[in-house]
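Q: Chain residues, written in single-letter form:
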Amino acid sequence: SQTIHQWPATLVQPVGSPLSLECTVEGTSNPNLYWYRQAAGRGLQLLFYSVGIGQISSEVPQNLSASRPQDRQFILSSKKLLLSDSGFYLCAWSDPYEQYFGPGTRLTVT
Amino acid sequence: ELKVEQNPLFLSMQEGKNYTIYCNYSTTSDRLYWYRQDPGKSLESLFVLLSNGAVKQEGRLMASLDTKARLSTLHITAAVHDLSATYFCAVDADWTSGSRLTFGEGTQLTVNP
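Chains as they are written, first to last, in the numbering used here: chain A, 1 to 110; chain B, 1 to 113.
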């Protein structure tokens with residue numbers, strides 16, 4: 001069966017510091033991968049998606065970037081965090097019919 | 001730009017009562033999803049609706065999709081406390097090119113004894 005992992009689970013970072021969040025998927029090959037962000041009390045906003053290694057599409061302009069160095073690994077990065085980057089970051093993978101979400105990383109920028 | 005609107009955003013109901021959550025969306029789509037989120041947790045998939053007229057039921061929850069009206073409903077029957085959570089609908093407007101979901105703002109449901 002497929003499993004999706006995210007780490008770290010929680011993170012507290014100062015403004016201006018770099019960021020790296022990692023997501024890995026097990027039990028499937030060449031999945032579509034996604035990064036979403038959820039601000040407090042809000043719905044999810046799609047940030048990036050990837051249909052293959054090195055193929056990244058950005059949905060919203062921001063100071064974040066994503067990379068897919070391996071088939072089942074998806075990384076979200078920032079060179080300098082802003083206060084507005086605080087939120088709950090969810091990675092997901094999809095089959096032809098559904099998206100499956102990871103456990104999430106809660107990021108607080110102070 | 002696809003917009004997804006849920007109402008109500010907050011719902012407080014008594015155990016044993018029935019209620020419906022509505023999800024309207026702005027562009028043509030025949031793929032709609034319902035998720036549940038408990039506080040501090042990730043999303044749990046409830047229903048996948050893949051065609052006009054689709055109806056799915058699981059326990060006290062039933063979801064339906066009317067693609068012509070661009071409307072989905074999540075009906076709660078005889079609510080119990082365990083159903084307290086936030087419920088999101090999400091629409092996939094272009095699933096042929098990568099399944100990118102647009103979410104509603106969520107309905108925070110509280111079921112009181």
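Please note that the accuracy of each hint is not assured.
[Stated by the list, open to error] Distance windows between CB atoms, simulated: (1) T10/A - E44/B: 14 to 24 Å; (2) Q2/A - D82/B: 48 to 58 Å; (3) Q45/A - N112/B: 43 to 53 Å.
[Claimed, not checked] Derived EDC-like pairs (lysine to aspartate or glutamate); straight-line CA-CA distance at most 20 Å: (4) K3/B - D94/B; (5) K17/B - D66/B; (6) K3/B - E105/B; (7) K56/B - D66/B; (8) K56/B - E22/A; (9) K79/A - E59/A; (10) K3/B - E15/B; (11) K41/B - D85/A; (12) K3/B - E59/A; (13) K41/B - E59/A; (14) K41/B - D94/B; (15) K79/A - E26/A; (16) K56/B - D85/A; (17) K17/B - D94/B; (18) K68/B - E5/B.
[Unchecked claim] Residues on chain B that point at chain A, a partial pick, calculated with CB under 7 Å: (19) K3; (20) P8; (21) S42; (22) L43; (23) V48; (24) S99; (25) F103; (26) E105; (27) G106.
In case anyone wonders, no lab produced these hints; they're calculated from the structure. Note that the Cβ used here is the ideal one computed from N, Cα and C, for glycine as well.
Q: When the hints from earlier in the document are held up against this structure, which numbers fail?
A: 2, 3, 5, 8, 10, 13, 14, 15, 16, 17, 19 and 20
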